[in-house]
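Protein chains: 2
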Amino acid sequence: MESDFGIPRELSELQKKRAEYHPELPPCLQGTTVRVEFGDSTTCADPSSAHVISQAFPNTFGQPLAHFLRATAKVPDAQIITEHPPLRVGVVFCGRQSPGGHNVVWGLYNAIKLHNLDSVLLGFVGGTEGLFAQRTLEITEEVLATYKNQGGFDLLGRTVDQIRTTEQVKAALTSCQDLKLDGLVIIGGVTSNSDAAQLAETFAEAKCSTKVVGVPVTLNGDLKNQFVETNVGFDTVCRVNSQLISNVCIDALSAQKYYYFIRLMGRKASHVALECALQSHPNMLILGEEVALSKLTIFDITKHICDAVQARAEKDKYHGVVLIPEGLVESIPELYALLQEIHGLRNQGILTENISSHLSPWASALFEFLPPFIRKQLLLHPESDDSAQLSQIETEKLLAQLVETEMNRRMNEGLYKGKKFNAICHFFGYQARGSLPSKFDCDYAYVLGHICYHILAAGLNGYMATVTNLKHPVNKWRCGAAPPTAMMTVKRYWGGPGAIPIGKPAIHPAAVDLKGKVYELLRQKASSFLMDDLYRNPGPLQFEGPGADAKTYTLCVEDQDYMGRIKKLQEYLDKVKSIVKPGCSHDVLKAALSSMASVTEVLSVMSAPSFGNHQPL
Amino acid sequence: MESDFGIPRELSELQKKRAEYHPELPPCLQGTTVRVEFGDSTTCADPSSAHVISQAFPNTFGQPLAHFLRATAKVPDAQIITEHPPLRVGVVFCGRQSPGGHNVVWGLYNAIKLHNLDSVLLGFVGGTEGLFAQRTLEITEEVLATYKNQGGFDLLGRTVDQIRTTEQVKAALTSCQDLKLDGLVIIGGVTSNSDAAQLAETFAEAKCSTKVVGVPVTLNGDLKNQFVETNVGFDTVCRVNSQLISNVCIDALSAQKYYYFIRLMGRKASHVALECALQSHPNMLILGEEVALSKLTIFDITKHICDAVQARAEKDKYHGVVLIPEGLVESIPELYALLQEIHGLRNQGILTENISSHLSPWASALFEFLPPFIRKQLLLHPESDDSAQLSQIETEKLLAQLVETEMNRRMNEGLYKGKKFNAICHFFGYQARGSLPSKFDCDYAYVLGHICYHILAAGLNGYMATVTNLKHPVNKWRCGAAPPTAMMTVKRYWGGPGAIPIGKPAIHPAAVDLKGKVYELLRQKASSFLMDDLYRNPGPLQFEGPGADAKTYTLCVEDQDYMGRIKKLQEYLDKVKSIVKPGCSHDVLKAALSSMASVTEVLSVMSAPSFGNHQPL
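Going line by line, the protein sequences match chains A and B. Mind the numbering: the first sequence is residues 1 to 617 in the UniProt record's numbering, read in order. Mind the numbering: the second sequence is residues 1 to 617 in the UniProt record's numbering, read in order.
It is worth saying that the hints were derived from the structure and are not from the lab. Treat each hint with caution, since some may be false.
Unchecked claim - Heads up, simulated DSSO-like pairs for lysine-lysine below, C-alpha to C-alpha not over 27 Å straight-line:
| no. | chain 1 | residue 1 | chain 2 | residue 2 |
| --- | --- | --- | --- | --- |
| 1 | A | K376 | B | K376 |
| 2 | A | K376 | B | K525 |
| 3 | A | K16 | B | K525 |
Said to hold, decoys possible - Derived list of chain A stretches under chain B, where covered just means 3 residues or more per stretch with a C-beta under 8 Å from a C-beta of chain B:
| no. | stretch |
| --- | --- |
| 4 | 14–24 |
| 5 | 142–156 |
Glycine included, each C-beta is placed from N, C-alpha and C at the ideal position.
From just these sequences and the hints, can you work out the full model?
Rendered as structure tokens:
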């Protein structure tokens, strides 16, 4: 066993204080008795994918939602779990470290022990590699002592971050059987939860008695859908990054001579960058989703930034801060096409050093135009999910260089008469994801850990722990479980003329919704952010006093509570029934029939597989 | 006037709360009456420089120390300042932004208005350029409202950061005369305070009635000497950087696959890096001062890191964190020599693009060996103080690349059998210096601002505001003023055979004292830091609760209180006098004479100009 995992750590004064913090539980999870109510069976957001997903997941697609309620809740169909036999549960970190992950383990441990002291929680040491190799560490109060409310995944570590190949899945199955596990909890993001869903299906097929549960833990905040409002770690990471961005904004304003180009970790989607922009008010945010929608080329973006620099120079401003999500590079059409071509050549077995000579003339011209550092980075081996190594591609440097070149050209041609453009580049990511988790992330993760236990106690397989109504205080949170298969979509690939192979169903990262309220909030302020330097400093993450209980804009602005709205619909349907009882007038019945015919027709059309290409919510 | 300065800002919840915080004053500054006690006249730490400095500063060298005491203090020689005519004072930010700078302005404003409501405080807008161009903003309660306890220098801005050329000094003189200033307060670090001292001398020579006062504000923490214990901003910057470093440490430990090379802002000296290492316990710190002392080449350092990587690999550890002060590049002998040669060629008027072809064969060989990005950075124009642009030279990338190459070589030759070495590089600086200042920096800066007023009220010219005994609570702080000329040293340059021109006296950055207690603390722990991953997370800067009142190790560990010890000496001398009174025995007198003869001889030898090359304390 590696000596570094699970050993007690020396804590700073603040860490000690944080270790003493005990998250609150929502009312439904307080006490030892919890009711489970099952909702309707689930489908997926894109009707055209339902068939494909149901074929791939015959055992786990269409399972009903589960809601956890107080023992005293007056819900006729809810069942109380009365039996609490000892459980053996395994838990594994299977994704990038995200602040709060440790609290999932802690919450799970507490819930397990609360219901039966003979239950055992085994942590897999060294992430998925530990799972395959059956390297475990029994979680105890002593082991947890210095990891409660602490950042990182260093209690257990993480490694390959995937359970996908036949060998990997087989190894996981063997481990669960050998260790006689009743449950396996997988902590991770989009990819890990897709893997968890696959594992649940495989286990069900193989009649393995281990139930698989996923937990949405990813700083990217891109595991968002009808059932999942936000992810553990997103709040902390956005707050740490916003602190740094706003420090840089104040720095820019003090010296008035630099443009800072800041790239932010967050994978393909731009949630982190959008939230940070709303918290710190930088001058510009180049949103990947906007670029993709408008099909802006790298030259369009450069021109856009240069025009802004020039407009600011006319107001005698020679400083600014530009945010760039790391996924931007894949949103720029020509760079995406180039990356795809490189990826295709690599799949044909062409060595990295020979790839550039095999590119098509068009791609080759673009490749040669790019500065050497970017060329090298584009050629890096792709990630386990086949996407480019976004964290290693310095898009911020590329843009800063292109802007500088263009500004110099404008200056030489007399089109720009201001001072010389100077840029400084940053990449913020690694320095945020090991942070002490915010109170919100501590609470959210701890509650999710508890829910995992109740999912297993209810004997459910192939579920993800969920908490909704998160923008409200903990005592209003709603706890439940949703099958990840209901969050899946199917990507269709256009491989060549006529060929439209269908991808494997998976949970895909949710893009920033350009029709959503969060984006709308940014759009309203974008032009004043650009010109007026309304920099705002949320300050360092606080654990006491003002700001300690703040939540992200992303969470607070959106009308989430999908579950609540589903319940509201049920109420309407019940009301129609109660009004249109036998004995009601002809007119009332006629009106009801006519209205409902129209409603059902509209909904049928909208839900038909042929209706548009739905984006996951 | 630029529209960006002094305008009210939108504050976050935390910023608002911080704006309400009111720093405490030490007892001596409370109330409206303050006594001034003058100590002995000062000299400088290096006796061999005294003559040169006294010649360059005939009006301001040798001035006595001033101590500010309570009105009720029982000190016979102290004088009470009773007259408080209205003063016109100017204040200018003249150095890099450092958290807490705004509070100097606030403290000064409050002290000025407390003693005479007709006094006026003018802020120079746009730093030194504003000073030369007489662009001012009258500081009022309204102007200050959103800048109290806030980071950055954006209330007034900063620009050229020097007042040195004849034209600049003349412009400053004209401004002070035109604006009828009684005092000019210069906020900055080592270079700015040297400039302030020069300005004071010039003003005295020119019979200009404006008194010049300096304030030690620099995140580098390198304005350290007998009189100055620490600088405004150092505490905050070390704490923000330590937060990020420890986040990265936890990240490294969670994933166990990367070595992080982190370069820290802090100019030539390594104080910031040393303090951050003590706060966050990374695996390695390559201290510039150690490298310079041991004359380690870039290859020695590379080998040193590679050996550490290999030793860790033998314990199955493939991660780690290495701190690198930005000044390291100038501490490595061959890189320093190369930089000097480049600098010399530039001074001969050789264009940047031609410099490489004019290098000596030795320097040229080294230059060609270096990766292109470093070559380009070494050729950047030097800073205003003639040193290399340390913030732009990516030494961390150079080292990471050299280590990778060497580890690959060892692997290929079978000397290293571990996993492939992977590095990720960071530069932390800009993201820290705009931070909300810590409580310590808020208090220290505010008190210094008050002291500036009392220096001016006492009619002193050519002084720096000082607070000592800082490691104790504010009510134990001692306030005073010391002439910057007493902090100066003279550098001797060896320009060629026989030629030893003497540099201008100046306050030079204090290097980390390799015989000091702070360094000793690191040395004791260095090997366990290296191997045992004792990462410690001080967490984000807190304003309430645990950690909010923490101070730097650098401040707390050292026996500072030089002023206290000077007083202690006086007590010994008085005691000898009181014991050896006329009428004492022959033996007592004999013993006293013999002892004192020996003491005076030792001290005379040690204080002779020929005795060693003294480092400033």
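Hint check against the structure, violated hint numbers in rising order: 2
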